[in-house]
Amino acid sequence: MTKVLSLRRWFWFSSISFCLVLLPLLLAMSAFTSYLGQAQWLAYVTDTYTWRVVWFSWWQACLSTFISLSAAVLVARALARRQSFVGRWLLLRCFSVALVVPSVIAVFGIILLHGKYGYFNQLWLWLGGQPHSYVYGLTGILLAHVFFNLPLATRILLQRLDAINAETWRLSSQLGMTSMDLWRHIEWPHLKGVLPQLAALVFALCFTSFAIVMTLGGGPKATTIEVAIFQAIRFDFDIAKAVYLSLLQIVFCGLILWAGLRLGRPIDIFTSLETSAKNMRPDLKPLLGVVSDALVLLLATLLVLLPLLAVVIAGINTAWADVLLDLRLWNAFSNSLWVALSSALLSLLMASGLLLAQRHWRERYAAAALAVEWMGSVILVVPPLVLATGLFIGLSPHVNVFAINLYIVVLVNALMGLPYMLRVLSVAYLKIGRDYDRLCSSIGVQGWYRLRHVEWPILRKPIGLALALVAAMSAGDLGVVALFGSPDIQTLPLLMYQRLGSYQSDAAGVTALVLLGLCLAIFVILERLLGGSSD
Amino acid sequence: MINFKQVSCRLGEQQFCYDLQIPLGQVVAIMGASGSGKSTLLNLLAGFIQPQTDAAQILLGDQRVDQLDPAQRPVTSLFQEHNLFAHMSVFNNLALGIRPSLRLTADEIDQVEIALDQVGLKGLGSRLPKQLSGGQRQRVALGRALVRRKPLLLLDEPFSALDPALRQEMAALVKGLSQQHQLTVLLVTHEPKDALELAETVVFIADGRVHWQGPSKDFLQQKDSHIKAYLGQSC
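Chains as they are written, first to last, in the numbering used here: chain A, 1 to 535; chain E, 1 to 235.
Just to be clear, a hint being listed does not mean it is correct.
Listed below are the simulated SDA-like cross-link pairs for lysine to any residue, each with C-alpha atoms no more than 25 Å apart in a straight line [claimed, not checked]:
{"hint": "1", "chain 1": "A", "residue 1": "K461", "chain 2": "A", "residue 2": "Y436"}
{"hint": "2", "chain 1": "E", "residue 1": "K150", "chain 2": "E", "residue 2": "D163"}
{"hint": "3", "chain 1": "E", "residue 1": "K130", "chain 2": "A", "residue 2": "I379"}
{"hint": "4", "chain 1": "A", "residue 1": "K285", "chain 2": "E", "residue 2": "V65"}
{"hint": "5", "chain 1": "E", "residue 1": "K130", "chain 2": "A", "residue 2": "D162"}
{"hint": "6", "chain 1": "E", "residue 1": "K130", "chain 2": "A", "residue 2": "L195"}
{"hint": "7", "chain 1": "A", "residue 1": "K192", "chain 2": "E", "residue 2": "L132"}
{"hint": "8", "chain 1": "E", "residue 1": "K217", "chain 2": "E", "residue 2": "E169"}
{"hint": "9", "chain 1": "E", "residue 1": "K175", "chain 2": "E", "residue 2": "S216"}
Please keep in mind that the hints were generated in silico from the structure rather than gathered at the bench.
Generate the whole structure from the sequences, applying the supplied hints.
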């Protein structure tokens with residue numbers, strides 16, 4: 001009897017999750033189809049501007065992926081080789097921070113460094129050169145994409161290199177391998193397997209990146225599809241064109257996802273990086289290697305640390321009293337905090353329901369369980385701005401979307417966080433099912449007791465990490481908020497973006513520091529509080 | 001003679017110190033409980049771990065080897081697993097033992113083929129490790145030890161992942177090859193049977209030190225409490 005009851009309970013829970021995930025997607029899709037008749041297809045297809053946008057989207061994503069990955073290989077190798085390097089801790093910390101820094105902040109830091117009046121131009125001027133502006137356009141976009149994706153890719157590659165077993169290193173030192181031999185026989189074969197999927201992941205992230213292209217690009221020469229959708233809605237009020245671009249974006253993202261899935265299993269992005277025993281490699285002594293590693297590590301540290309430092313320095317200025325006493329800031333602050341926490345909780349709710357269903361179906365209905373896994377990926381085909389556009393179109397005949405904009409922002413951010421949630425949680429969730437289901441039912445640990453004594457101790461760490469990630473990402477999100485933004489309802493990234501655009505640099509600096517502080521605090525507090533101490 | 005003089009090191013909480021002489025040209029079994037320091041002895045000899053005191057010396061005959069890089073030491077190691085590069089053919093796995101660049105002369109290619117024949121893998125040179133059985137994989141590693149032509153072979157529980165029949169077969173192969181090539185073999189093992197069948201000498205290690213050393217036929221008759229506890233005999 002209890003068995004039936006508990007079955008029903010999870011079933012209802014999972015059904016709600018399914019609805020929460022599927023309804024917005026269906027609503028967006030039906031909104032798109034209702035516009036299909038109105039679209040002036042011929043005009044769109046022959047529009048050279050659109051094709052230039054499409055071309056630029058692919059081109060910048062290709063370049064970003066290529067640069068991020070090749071640099072990441074160098075950095076990961078240097079880090080793997082220098083396990084006792086003093087700055088290793090700092091570099092890895094910076095890399096972790098880069099995962100949760102909002103894109104507006106990174107862009108701000110990059111402008112502070114590379115902008116026309118930035119540090120580099122001032123240095124150049126001091127050396128006798130002429131200042132020139134290079135940050136707006138492709139260069140700036142690439143800088144920002146490398147800032148985010150180099151740390152991500154390096155972490156994944158480093159994890160691969162750290163997984164090489166001690167025997168292999170011992171063997172290589174006994175065989176007297178040179179640095180080149182090690183690369184050829186050991187490191188490259190280990191990295192080769194993960195590179196295609198990693199490339200697909202980085203490519204997808206750069207292809208759909210919005211805030212970066214919006215702030216650093218945006219002109220006719222440097223606009224991506226994602227930004228073009230936004231412009232079609234907000235500037236041209238051409239909904240049919242936005243629908244056309246959205247469908248185009250869905251097709252392209254589908255292609256990228258398909259390519260990624262064909263290339264192998266999805267990779268684990270957020271595993272911890274703890275090196276166990278020191279590996280003994282035979283190539284630690286040669287001077288050339290020491291110098292080149294030092295150079296690579298220094299450049300990588302500067303790449304990530306300098307923009308963040310510039311933001312911190314810019315935030316310490318005389319405008320702080322005005323900005324901090326301004327009610328608009330605290331209004332935006334509380335909105336951002338609310339969006340972050342609600343998105344993360346909603347996302348957790350969705351992910352738990354899906355995973356619960358997957359756990360129950362795994363044995364009897366393999367296809368259904370697979371479908372759940374697929375749902376996480378489907379989200380990746382519909383980038384945030386496309387989904388927001390769909391909801392915008394679908395809801396606006398019925399409600400005033402600007403009045404409920406924060407709810408929509410929460411919903412979209414929760415859905416966008418879902419793939420990350422599923423990735424972080426699924427291993428632990430399924431492991432509990434596999435290892436303890438029979439044990440629990442045989443000794444009668446069920447319901448609340450099972451939750452408290454079995455599920456929570458095992459899940460709290462991944463739940464803490466997943467909530468922290470999604471909350472920090474939502475707090476820093478600009479894309480969806482910008483689409484629904486109205487003067488009345490502000491969030492911190494939006495405020496920051498406006499101040500960046502209106503050249504209030506002092507106010508922007510303080511706002512940036514508050515936003516950065518919020519994101520880092522959310523991340524650290526949620527991860528530590530829920531995840532417990534690391535042991 | 002292999003000579004360990006006050007060779008000490010510390011790994012985590014545990015302290016190891018070895019003073020020991022081993023005659024050359026023999027098969028020597030290194031025995032002892034898990035964690036007692038059997039593998040550490042081999043790792044020190046191979047150069048994977050450095051001794052921590054200045055007084056430490058490891059001599060091979062008259063030559064000091066403790067200052068040399070692992071690649072310069074006259075030893076070849078064989079681990080319990082991970083001896084092969086998974087993406088590389090059997091032939092190349094052997095060829096690495098001659099030249100890590102894999103650019104071999106015609107003469108060296110012949111050496112690899114001969115070694116493959118000696119370990120009973122003739123004709124399997126183009127296979128990948130995953131297409132071989134566990135026993136065959138260990139044979140490949142043994143083949144590489146042969147082409148390296150180092151006088152010392154260090155075996156760290158090389159048979160413990162194998163079935164009893166395979167184990168015996170491998171033991172016989174090691175015995176035969178060591179006699180044929182006049183190798184000194186140091187064999188870390190858990191099995192008293194291995195020690196009796198293969199080794200002339202047993203070195204028994206307890207708490208990071210050499211506790212007993214003697215002919216293998218005497219080992220099982222020892223009245224020593226550590227050895228009896230290890231063998232599971234009541235005192």
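Quick rundown of the hints versus the structure:
no. : hint            : result
1   : A:K461 - A:Y436 : holds (18 Å)
2   : E:K150 - E:D163 : violated (28 Å)
3   : E:K130 - A:I379 : violated (38 Å)
4   : A:K285 - E:V65  : holds (19 Å)
5   : E:K130 - A:D162 : holds (22 Å)
6   : E:K130 - A:L195 : holds (22 Å)
7   : A:K192 - E:L132 : holds (23 Å)
8   : E:K217 - E:E169 : holds (21 Å)
9   : E:K175 - E:S216 : holds (15 Å)
Going down the numbered hints, you'll see the structure goes against 2, 3, while the others check out.
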